[in-house]
Amino acid sequence: MGHEVRGVVARERGKAVGVETIHVPDPGPGEALVKVRACGVCHTDLHYREGGINDEFPFLLGHEAAGTVEAVGPDVTGVEPGDFVILNWRAVCGNCRACLRGRPWYCFNTHNATQKMTLADGTALSPALGIGAFAEKTLVAAGQCTKVPAEASPAVAGLLGCGVMAGLGAAINTGGVTRGDSVAVIGCGGVGNAAVLGASLAGAARIIAVDIDPRKLDLARRFGATHVVNSAETDAVEAVRELTGGFGADVVIDAVGRPETYRQAFYARDLAGTVVLVGVPTPEMKLELPLLDVFGRGGSLKSSWYGDCLPSRDFPMLIDLYLQGRLDLEGFVSETISLDDVEAAFHAMERGDVLRSVVVL
Numbered sequence: 001m002g003h004e005v006r007g008v009v010a011r012e013r014g015k016a017v018g019v020e021t022i023h024v025p026d027p028g029p030g031e032a033l034v035k036v037r038a039c040g041v042c043h044t045d046l047h048y049r050e051g052g053i054n055d056e057f058p059f060l061l062g063h064e065a066a067g068t069v070e071a072v073g074p075d076v077t078g079v080e081p082g083d084f085v086i087l088n089w090r091a092v093c094g095n096c097r098a099c100l101r102g103r104p105w106y107c108f109n110t111h112n113a114t115q116k117m118t119l120a121d122g123t124a125l126s127p128a129l130g131i132g133a134f135a136e137k138t139l140v141a142a143g144q145c146t147k148v149p150a151e152a153s154p155a156v157a158g159l160l161g162c163g164v165m166a167g168l169g170a171a172i173n174t175g176g177v178t179r180g181d182s183v184a185v186i187g188c189g190g191v192g193n194a195a196v197l198g199a200s201l202a203g204a205a206r207i208i209a210v211d212i213d214p215r216k217l218d219l220a221r222r223f224g225a226t227h228v229v230n231s232a233e234t235d236a237v238e239a240v241r242e243l244t245g246g247f248g249a250d251v252v253i254d255a256v257g258r259p260e261t262y263r264q265a266f267y268a269r270d271l272a273g274t275v276v277l278v279g280v281p282t283p284e285m286k287l288e289l290p291l292l293d294v295f296g297r298g299g300s301l302k303s304s305w306y307g308d309c310l311p312s313r314d315f316p317m318l319i320d321l322y323l324q325g326r327l328d329l330e331g332f333v334s335e336t337i338s339l340d341d342v343e344a345a346f347h348a349m350e351r352g353d354v355l356r357s358v359v360v361l
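Here the sequence shown is numbered in full-length UniProt numbering, starting from 1 and rising by one per residue.
If you are wondering where the hints come from, they were derived from the structure by calculation, not from laboratory data. Mixed in with the good hints, there may be bad ones.
[Stated by the list, open to error] Under the rule of at most 25 Å between Cα atoms (straight-line distance), these lysine-lysine pairs were calculated in the BS3-like manner: (1) Lys-15 x Lys-116; (2) Lys-147 x Lys-35; (3) Lys-302 x Lys-286; (4) Lys-147 x Lys-116; (5) Lys-147 x Lys-15.
Since the structure is predicted, the reported quantities are computational estimates derived from the model, not experimental observations.
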């Protein structure tokens, strides 16, 4: 029979989103129906609305979510009705060459629900990152559900589903930050401040937050930055070098994803240091660097896919740290809103007024 629910839909490139009635099928083989309890407003959703991901309109937006499993299809064993879960957009297959080599966080064959959610007239929807969680219920592959303790607040748990996990993982998993390291993070929005938090959690000795917005730099201090640099007022590369004895940071994380910030990251690292790109560039962007500098400075230039996380490993561990009071996830929630407020939340994000607006259902 399926379910008629309210969801936030982007019908056209660059046009305001609206709340519409959508049809969600009952789960088929390998699928789970999830009652969404909270979903963060991520910049990726805005990219979808602007056509920056692809042109497969209309989109059912929302992906940074937590909820309760309501039903599962045949052959599902990992979760069951009543489980409190965080949704992820990289359900690993277990059989591709990355999974078989013991690197499932790189899975090259991640999957989503097979059935389509639709508008009331039957038009198929493209769910953002295969999730579509700005809705009262959504249909996902069961592997996209990671069970976590139900004591966690849905408004903060869902943030691990994308931005916060991306930043934490960029520092801990991709960057390999460890005790005593110096770390610089360029761009202190939700992902960047999560990278600051990850570096602090890993025991970095010096954490330098770089941004052009003093409000975001103030938040970076809350998450563990030992120093802040306003790059609208001073040269970021020179400032990072000065704060690291003239050498540069051991790990520099670009949480913006623009050619100019990547160049800053490249030259702000120490010799043999690591650059991690976790900010998402747009298709037209190009990067030019002297090849001799790439060779001569050594080290590693890495891209971080979803913080190189393994949801089944990382989500429960991070929720446990949150419940112990050791992981400040609540600091990312700037406001809680309804489905009807998503368009306004996009504008607040563009103005830099929020780290995360969170839809609570």
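Structure-based check of all given hints:
1. Proximity of Lys-15 to Lys-116 is assessed by CA-CA distance (about 23 Å); at most 25 Å being required, the pair is judged to hold.
2. Distance hint between Lys-147 and Lys-35 is fulfilled; the C-alpha atoms sit about 14 Å from each other, no more than 25 Å.
3. Using a Cα cut-off of 25 Å, the hinted pair Lys-302 and Lys-286 holds, with the two alpha carbons roughly 16 Å apart.
4. Pair hint Lys-147 plus Lys-116 holds up; C-alpha atoms about 24 Å apart against a cutoff of 25 Å.
5. Restraint check: the Cα-Cα separation between Lys-147 and Lys-15 comes to about 35 Å, which exceeds 25 Å; the hinted pair is violated.
In summary, the structure is inconsistent with hint 5 from the numbered list given earlier, while agreeing with all the others.
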